[in-house]
Structure formats: structure tokens, C-alpha cells
Amino acid sequence: MEKLIYSLVSAKNNLEALNALLAEMKGISGFDLFVVATDEVAAVVSDFDRSGTATDRTMAIEYAGLIEIMAQHFTLLPVRFGSVMESTDLILKMLERNYHEIQQNLQKVDNKCEFGLKILCDPEKIMADMKSKTEAIIKSDIAPSAEGKNSVYREWVNKKLTEHRLEEMMITFVDSVIAALSVSLTRLNTIYKFKKMVTATTIIDAVFLLDKEKKDALIQSVEVIEKQFPGLNFLLTGPWPPYNFVEIVLK
Amino acid sequence: MEENKILFSTGSLDGLSEEIGNLVNREESRLKLTPDNADSGLAKLVLTLIELIRKLVEKQAMRRVDGGLLTDGEIERLGETLMKLEMKMEELKKHFNLTDRDLNLNLGPLGDLM
Amino acid sequence: MYDNVIDRSKDITILELLDRVLNKGVILTGDIVISVADVDLVYLGVKLMLSSVETMEQLKAGKGIIEK
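Residue numbers (my numbering), protein chains in the order written: chain A, 1 to 251; chain B, 1 to 114; chain C, 1 to 68.
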């Protein structure tokens, strides 16, 4: 039967403990969880019947829950849902081929957790706010050309220029929020990734990787920043296994 | 697994959950080509790329206009070219029945590309 | 109203979870898959370079899940 891979675990002297934990758990569709290991890296695996129950959200949630339990006790790299290989032999070979990269990533996430921060705005409110602040400036710049009348092309440029400037203002504003956050994040020794302006509403989508013990300090820092930007809505979630910090493609 | 991973939040939870639902559903990076939709599937791919480049070019042009060093004539010519490009793209999108959303045109992160 | 808070918190948690487990984490092959006539042949890396996939089996599993 095919094998479903759940996670890649650091197996330094703890294979016994890992096996003990897995023995108390059940994998997807009730299959047993077991380990495929080479040296200091182990893959947590179970049989997988593709033709069996529908692979859907519920299964994905269950799968993630299992990873969560493993992550509470071991340093691991969570594997994306749906990663299936034909046999344990192939899995072993895959681990060997990618050994170095896996090890590096395990080291990176050792004793750390991921946290997510999304910052939302009210797009209309913010636009209105910015427009009023800059109406004067924009109007003065977009003067008609020498002939005193604008061509349709010039009008188009003016329109685009205004959009462009509002966008730039938005980016500057978002950068200021990120700058404020970065100060605290750096102090907490965080690895962080920011996505700006994902939608008109979600202006920041960030993920942080930091020591487990720093969770409360992180919450505090975010609360402090939130007070500086009362018009924005914050959502801080976690702790999560390090899904966003394991950019490996296993060959 | 814990039922609630929210550590801190402000604003209405209803609003938050709606927006996050939108975000998660947008992650569709699979382009499925079948004999039926090969045309539009391929078109979608190509147009996505073209639109990305066009928007980058437009943005760069606006930066130069904003810089204030272009002559009226240059601005005029830029406007004409870009406007026509934009119109052409609209035509193509209509022809293949694709919206900006179809083309997965989330250019917010373009801020990062720039 | 309190129930709504609990429900919404759960909703948000599940959405965040799904985003991670379905779209992030270690992957066996590349990001974007183009499937032609139900057969996954190639994948596009982020830099849009064409490359061949290793095993169709692996892709079918991934494809099956995301299609739903």
C-alpha cells in the first residue's frame, strides 16, 4: 500500500520516545503510524488507501491535528497534506537524497514555533483618509499641458498617476507598521516574513518563527503596536508547527 | 488539537473570519487543462503573465512621470501607449471570458517585487 | 452571542490551519501543476521554468485533494 508522510522529525537519540508516542496514536483512516529513519532524520508515515475515504477538509484537519501532537514533543518539519510515496524504501531513499537540507531545516526550527499575524484595514476608510490628506498636492501637480487643455491620453495618465500615488502612500503606511513591528521582533530574535497588501483589506500577512518560550512576549509586543494603529484590526494566531519556514522541495 | 489558536485580535470576529476565508480560497495555483478548456486554460496562463508584465511596466512608467523629469511630449506618448495596452488587455480578457480574479491578479505583493 | 464568539474563533482557527496544511509545509514536488487531459505532466516553479515531475503517483495524490 502507498504511504502517507506526515512529518520529518529530528531523530537524535529519541527514536524510542518517538515510537512510543506514535504507538499511542492512530493515523488517517485508522492506520498505524510508524517511522522510516536514517541517521538523525526520521519520517513519520502510515499506510494510505487512496481509494478509501474521500480526501477532504476533515481529513486534512485530522492530519494537521496529528502533526500538532507530534510537534509538541519533537522538533519536526510538517509535510503538506497529500504527500504520498509508493513504498518505505522510496521514502528512505528520499530522506538520504535530501538529508542535508532536511537537517538544516530541522536545526532552524529547533525549539521554535510559528505564529501568524494578519493586519486588516477598512479599505474605504483608509482611502478616504489618504485622499483628503493629499488632494491638494495631487491637484497642484496635475496641471494641464502647455496648450491649456488635456488630451485623452494626458487625462488617462493623470488618473493613473493619482492611483499610483495613493498606492505609494499605502505602501509607505504599511512599511511604517512593519518597521514598528520589526523593532520588537528583532529584539525577540524572530525570523519573520511579511506579505504586504495581499488584498485591499489584508494589508499585512506575516509569519514569525521564534522560541516557544517567547510566546507571551510576542503577544505583548503586538498588543503595544496595535495601540499605535487604532484604525487597523489585528489577528495573532499560534503557536503552529513551522509550516511557513520549511521551504524544501524533496526531490 | 486546540479549538482556538487566536492569541490576540481586534475588530469583529465575523469580519475577520470572512476575510480569512477569502484569503484561503484564493490559493489556487492549479491550472487544469482539459480538451474542453485547453483554449481558455492556456489563455489564462498566458494572459496572467502578460498582465503581470503590463502592470509592472505601467507602474514603472508612473514612477517616471511622478519623477517630474519627462517632457509633455514624452508623457503624452507614454499615456497613449499604455492606455492602448490597457484597452487591448481588456479586449483579450473579454474574448476569453476572464476576469482579474480569474487571472489571480493579486498584485498587492507587487510592492515586494518593486 | 458568546456562542458566536466561540464558533467564529473556531472558524478562524480552522481556516488558518487549512491554509497551512494544504498550502505550506514540506512538499514532494513543485508548486504549480499543469494537468493535461487528467494527466499531470509538468510543473511550474515560481520562476516559471518547466521541469519534469518525478512520479505521477505523488501528484495524483496532491491533485486529488486540492480539487475538492
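Treat the hints with care, since some could be wrong.
[What the hints assert, rightly or not] Cβ-to-Cβ under 8 Å is the rule here; a few derived chain B residues that face chain C: (1) 6; (2) 7; (3) 17; (4) 21; (5) 50; (6) 53; (7) 100.
Think of the hints as simulated: they come from the structure by calculation, not from any bench.
In this text the structure is predicted, and so the values were computed from the model without any measurement.
Ideal placement from N, C-alpha and C gives every residue a C-beta, glycine not left out.
The hints, checked one at a time:
1. 6: 5 Å, holds
2. 7: 11 Å, violated
3. 17: It holds, given that the least Cβ distance between residue 17(B) and chain C is near 5 Å, below 8 Å.
4. 21: OK, holds: residue 21(B) within 8 Å of chain C, min 6 Å.
5. 50: 13 Å, violated
6. 53: 12 Å, violated
7. 100: It is violated, given that the least Cβ distance between residue 100(B) and chain C is near 19 Å, above 8 Å.
Checked against the numbered hints given earlier, the structure breaks hints 2, 5, 6 and 7 and satisfies all the rest.
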